[in-house]
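Those sequence lines, one after another, are chains F and H. First residue of the first sequence? That's 1 in my numbering, and the numbers climb one at a time after it. First residue of the second sequence? That's 295 in my numbering, and the numbers climb one at a time after it.
Just so you know, these hints were derived from the structure itself, not from any lab. Hints should not be assumed to be uniformly reliable.
[To be verified] Derived lysine-lysine pairs resembling DSBU-like cross-links, with alpha carbons at most 35 Å apart: (1) Lys571/H <-> Lys187/F; (2) Lys187/F <-> Lys317/H; (3) Lys490/H <-> Lys571/H.
Listed below, chain by chain, are the residues.
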Amino acid sequence: MAASLVDKVMKGGGFWPAAPAFLYLVVFFIMPMAVLLAFGFVPIQRGTVQSANFTLEYLFDVLTDDLFWRVWWRSFYVGVLSTFFCFLFAYPLAYIHTLVGRRLQMVILILTVAPLLTSALVRTYAWLVILGGRRGVVNAVLMDLGLVSRPLRMLYSDFAVIVGMVQIHLPFMILPLITVLSSRDRKLEHASLGLGASRVRTFFRIVLPMSMPGIIAGTTIVFALSYTNFIIPQLLGGGGYTTVAVQVYEFIVVILDWNKGAILALLLLVSCFLFVLMITLAGNRMMRWTEAKA
Amino acid sequence: MSETMTTSRPATADVAERGNASKVIDRIGATILAIIAVCTVLLLSVPSLIVIAISFTETAYIGFPPQGFTFQWYADLFARDQIIDAAVTSLQISAATTCLSLALAIPAAYGLVRGRFFGRGFASALIVAPQMLPGMVIGVATLFFGAYIAFRQSNLMVILALTVFCLPFAVRMVMARLTQLDPALEEASLSMGASKTRTFFEITARQLVGAIIAGGAFVAIEAFDNLTVALFTASPRSRPLSVELYNLVQFDSSPMVAALSSLEILAAFVVMIVLAKAVGLDRLRT
Numbered sequence: 001m002a003a004s005l006v007d008k009v010m011k012g013g014g015f016w017p018a019a020p021a022f023l024y025l026v027v028f029f030i031m032p033m034a035v036l037l038a039f040g041f042v043p044i045q046r047g048t049v050q051s052a053n054f055t056l057e058y059l060f061d062v063l064t065d066d067l068f069w070r071v072w073w074r075s076f077y078v079g080v081l082s083t084f085f086c087f088l089f090a091y092p093l094a095y096i097h098t099l100v101g102r103r104l105q106m107v108i109l110i111l112t113v114a115p116l117l118t119s120a121l122v123r124t125y126a127w128l129v130i131l132g133g134r135r136g137v138v139n140a141v142l143m144d145l146g147l148v149s150r151p152l153r154m155l156y157s158d159f160a161v162i163v164g165m166v167q168i169h170l171p172f173m174i175l176p177l178i179t180v181l182s183s184r185d186r187k188l189e190h191a192s193l194g195l196g197a198s199r200v201r202t203f204f205r206i207v208l209p210m211s212m213p214g215i216i217a218g219t220t221i222v223f224a225l226s227y228t229n230f231i232i233p234q235l236l237g238g239g240g241y242t243t244v245a246v247q248v249y250e251f252i253v254v255i256l257d258w259n260k261g262a263i264l265a266l267l268l269l270v271s272c273f274l275f276v277l278m279i280t281l282a283g284n285r286m287m288r289w290t291e292a293k294a
Numbered sequence: 295m296s297e298t299m300t301t302s303r304p305a306t307a308d309v310a311e312r313g314n315a316s317k318v319i320d321r322i323g324a325t326i327l328a329i330i331a332v333c334t335v336l337l338l339s340v341p342s343l344i345v346i347a348i349s350f351t352e353t354a355y356i357g358f359p360p361q362g363f364t365f366q367w368y369a370d371l372f373a374r375d376q377i378i379d380a381a382v383t384s385l386q387i388s389a390a391t392t393c394l395s396l397a398l399a400i401p402a403a404y405g406l407v408r409g410r411f412f413g414r415g416f417a418s419a420l421i422v423a424p425q426m427l428p429g430m431v432i433g434v435a436t437l438f439f440g441a442y443i444a445f446r447q448s449n450l451m452v453i454l455a456l457t458v459f460c461l462p463f464a465v466r467m468v469m470a471r472l473t474q475l476d477p478a479l480e481e482a483s484l485s486m487g488a489s490k491t492r493t494f495f496e497i498t499a500r501q502l503v504g505a506i507i508a509g510g511a512f513v514a515i516e517a518f519d520n521l522t523v524a525l526f527t528a529s530p531r532s533r534p535l536s537v538e539l540y541n542l543v544q545f546d547s548s549p550m551v552a553a554l555s556s557l558e559i560l561a562a563f564v565v566m567i568v569l570a571k572a573v574g575l576d577r578l579r580t
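Construct the complete structure from the given sequences, taking the supplied hints into account.
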């Protein structure tokens, strides 16, 4: 029996080795997603469907609520700023990775991958310690140096949330950039330098445009992660700090209004996909634009 | 680091032809690049080191710089049944999720790479789709689905939801390796008279071991650390360590939390060294 199964697999036998995984995802992924979708449009109470009446009430409630749009705007700018600063900090290191010897390359890679193996929660906690009140690392250092007389209030603000997001999502930006940059064709750079262009000019005109696929990959991942993260805003933003993702958590776990939680989760998901699509399209357009210019 | 940049200048570059102004700009550019890169290196490493340093403080609060040196917070940690139970729960969840994910992922990757069937592109897309969703959405969807079919939050629910979330990692790692395999090796084995079963286990599977270890390790770590899925699917009565830590971070300000975090950082570091030795660090990038 077992032998004949393996036989079939060895023949490159079609779909069926993938069938268990496929079936699993239909039951435990597609069906739950369908229920999530349904809960956004069908009245429910305590987890049971009250009536099978389809209603757009919850969707309209959310979309006509000023508070929702304020909260959404915060999700959006936190996502954009985190992505921007993440890129700004990630690119130089990824670029230098391609210029140094193998040993240093290894060190950079270890430093980048290691944080991925620790939980994001631990890394968020680190920022509580660093930015936190009077005895936080930053305030302790600043006060010791005599630069400030009173502790700065850094925690529980946009600043804290964005700093946390940038640092925690750095590896997701660095890795695609390293992949693209280390496989790049260096002839163009050499030609550019040989023709007398400065290194800075060569960097902006050749290296940066050529790494566009890595930039698109990194920015889409980091934006999606920052936009949908609710742990970092909760811990570093404090009690009154809400984003759409935080609201999803609060409506489902704390308030137990699953209709509103479901519709917010769906809006978060759909808007996230739209933004990722926009970044990808804009990136591709820029790529074609630079190619046309070259 | 600016020195390395100068030495890597290609021989063809005619330095003399370039003006002094552009040389100054280059110097400034290289300096800015190096400064930012150093900042990034510090950003990646210093926060973890600070947490570790603070876990040894003798003060009862979290403060910098740490005062004195004590293992008291680690002792406190191991004296708390709640935390030990949570750690055991997390280990169980991690082990079960890894086994289930690999059992589904290895044949799936094989079918998707070697199989030729209608809808293969769609099947590949479906299998990696959960990776593009935030963990929260998978957790919430599983919670709702469970409520719908009267299945309550439990360790089993965490495992089932985490497997959806982790499957793409495992499938992609095995697929990446499978596409690199040289089919000539399998053909040689078959033509030398080995059975297909034997060829599969001794030639094909053996070459996949590295990818399976790497994929399994990633799933195990993710399943152990995961908070966004577990927060919605775990039963309040048997919390995994991540959920326990989440509550501690919010409501407990003693350095014990730093001690627990330090242990996680240490464990991650050990796992990475082992993985780097076993399968090579480059493979971890996918």
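Hint check:
no. : hint                  : in the structure
1   : Lys571/H <-> Lys187/F : holds (34 Å)
2   : Lys187/F <-> Lys317/H : holds (21 Å)
3   : Lys490/H <-> Lys571/H : holds (32 Å)
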